[in-house]
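A.B. asks: As a plain string of letters, each chain reads:
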Amino acid sequence: MMRLKVEKVAEGLHPSEVIVAIRTSTGSERVVVSARSIQSDSIPVGWPLGTREQTTLVELPRETESGAWRIWVPSDQLLEIEERMRA
Amino acid sequence: MILTDREIQIGLTRKQIVIDPAPSSDAYSSTSVDLTLDPVLTLFDIGEAFVRKVVDPTHEKYNIDAALKELTKSHTIDGKAGFDLEPRQLILAWTKEYVHLPLDARLAARVEGKSSLARMGVGVHITAPTIHAGFDGQIRLEVVNHGHLPIKLRPGMKICQLIFEQTLGTPQKGYSGQFSGQSAK
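Going down the list, the protein sequences come from chains S and W.
Per the numbering used here, the very first residue in the first sequence carries number 1; after that it's consecutive.
Per the numbering used here, the very first residue in the second sequence carries number 1; after that it's consecutive.
A couple of the hints might just be wrong.
What the hints assert, rightly or not - Keeping only pairs whose Cα atoms sit at most 30 Å apart, straight-line, the calculated DSSO-like set for lysine-lysine is:
id, chain 1, residue 1, chain 2, residue 2
1, S, K8, W, K61
2, W, K96, W, K80
3, S, K5, W, K61
4, S, K8, W, K96
5, W, K96, S, K5
6, W, K69, W, K158
7, S, K5, W, K69
8, S, K8, W, K15
9, W, K114, W, K158
10, S, K5, W, K15
11, S, K8, W, K73
Said to hold, decoys possible - Partial list, derived from the structure: chain S residues whose beta carbon lies under 8 Å from chain W:
id, residue
12, H14
13, P15
14, S37
15, W47
What the hints contain is simulated information worked out from the structure, not anything from laboratory work.
Since this is a predicted model, take the numbers as computed values, not measurements.
Cβ coordinates follow ideal geometry from the N, Cα and C atoms, glycine included.
Between the sequences and the hints, there should be enough to build the whole structure, so can you do that?
C.D. replies: Take a look at the structure:
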């Protein structure tokens with residue numbers, strides 16, 4: 001599984017939420033995420049969906065402000081973590 | 001396929017579904033589980049009736065979260081007095097329960113209203129009921145009173161129900177086969 005680097009930019013509307021900025025291949029996107037999902041300034045995004053040059057397609061846990069679920073991000077924004085799959 | 005109460009409980013035991021705090025035994029029906037209302041609400045503060053505001057989602061600088069911050073205020077429900085949801089009023093609310101659906105659990109869910117509230121006009125979401133695999137957090141609800149009378153909302157009341165469905169296969173982002181062993185540089 002992969003985690004995507006994020007930068008916290010604001011509190012969410014609810015104490016359990018935060019707004020984070022994500023660096024994309026064309027700029028940046030903002031998305032509301034659960035505060036519990038942020039660890040070491042990153043959020044879980046599962047496995048990559050595709051790669052193209054130095055960018056990787058990932059699906060976010062929630063829809064961004066612009067309405068996107070899947071975004072191309074610079075590959076160096078991803079961190080691999082070990083997570084055992086359930087049987 | 002929709003999960004029965006037994007399958008939901010098995011999913012909770014196996015951590016294929018996370019609901020925190022765990023639902024009480026009377027929160028289940030045969031094919032759903034009830035969730036409860038968190039005390040924190042977001043209320044729209046649209047100003048005086050003679051001041052007309054228009055939201056333009058097509059504007060190049062449109063930012064939904066900035067718009068909501070400008071147009072709303074936070075409110076915590078007093079447990080004793082409750083909160084009167086007026087007819088035609090839209091508020092944002094959250095479930096008290098934190099919900100997580102792991103990517104590899106082959107499950108998704110739908111948020112639905114409670115018929116006991118719906119018959120008085122209360123809807124709890126606006127066209128976006130799907131809880132996708134990988135979701136985690138307290139579920140945000142768009143609550144509207146379509147009825148004729150104010151409806152009293154209290155923290156901890158049953159506000160919505162979750163219906164779990166088995167997905168056909170594992171979503172691409174939960175499937176490690178294609179990228180197994182690869183590391184991002």
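A.B. asks: Against this structure, judge whether each hint is valid.
C.D. replies: Hints versus structure:
Restraint check for S:K8 and W:K61: the C-alpha separation of about 20 Å stays at or below 30 Å, so the hint holds. In summary, the hint linking W:K96 to W:K80 is supported, as the alpha carbons are separated by about 17 Å, within the 30 Å threshold. The hinted pair formed by S:K5 and W:K61 meets the criterion: a straight-line CA distance of about 24 Å does not exceed 30 Å. A threshold of 30 Å between alpha carbons decides the hint, and for S:K8 with W:K96 the separation of about 23 Å falls inside it, so the pair holds.
For the hint pairing W:K96 with S:K5, the CA-to-CA distance comes to about 28 Å; that is within 30 Å, so the pair holds. Between the alpha carbons of W:K69 and W:K158 the distance comes to roughly 27 Å, so the proposed pair stays at or under 30 Å and holds. Proximity of S:K5 to W:K69 is assessed by CA-CA distance (about 25 Å); at most 30 Å being required, the pair is judged to hold. Between the alpha carbons of S:K8 and W:K15 the distance comes to roughly 28 Å, so the proposed pair stays at or under 30 Å and holds.
Under the criterion of a C-alpha separation no larger than 30 Å, the hint pairing W:K114 with W:K158 is consistent with the structure, at around 8 Å. Of the supplied pair hints, the one linking S:K5 and W:K15 holds, its CA atoms being roughly 26 Å apart against a limit of 30 Å. Between S:K8 and W:K73 the alpha-carbon distance is near 21 Å, which keeps this suggested pair within the 30 Å criterion. For S:H14, the shortest C-beta to C-beta distance to chain W is roughly 5 Å, which falls under 8 Å, so the interface hint holds.
A hinted interface residue such as S:P15 counts as satisfied when its beta carbon comes closer than 8 Å to some beta carbon of chain W; here the least separation is about 6 Å, so the hint holds. Evaluation of the S:S37 hint against chain W yields a held restraint, the C-beta minimum of about 5 Å falling below 8 Å. Taken as an interface hint, S:W47 checks out: its beta carbon lies about 5 Å from the nearest beta carbon of chain W, inside 8 Å.
In this structure, none of the earlier numbered hints is contradicted; all agree with it.
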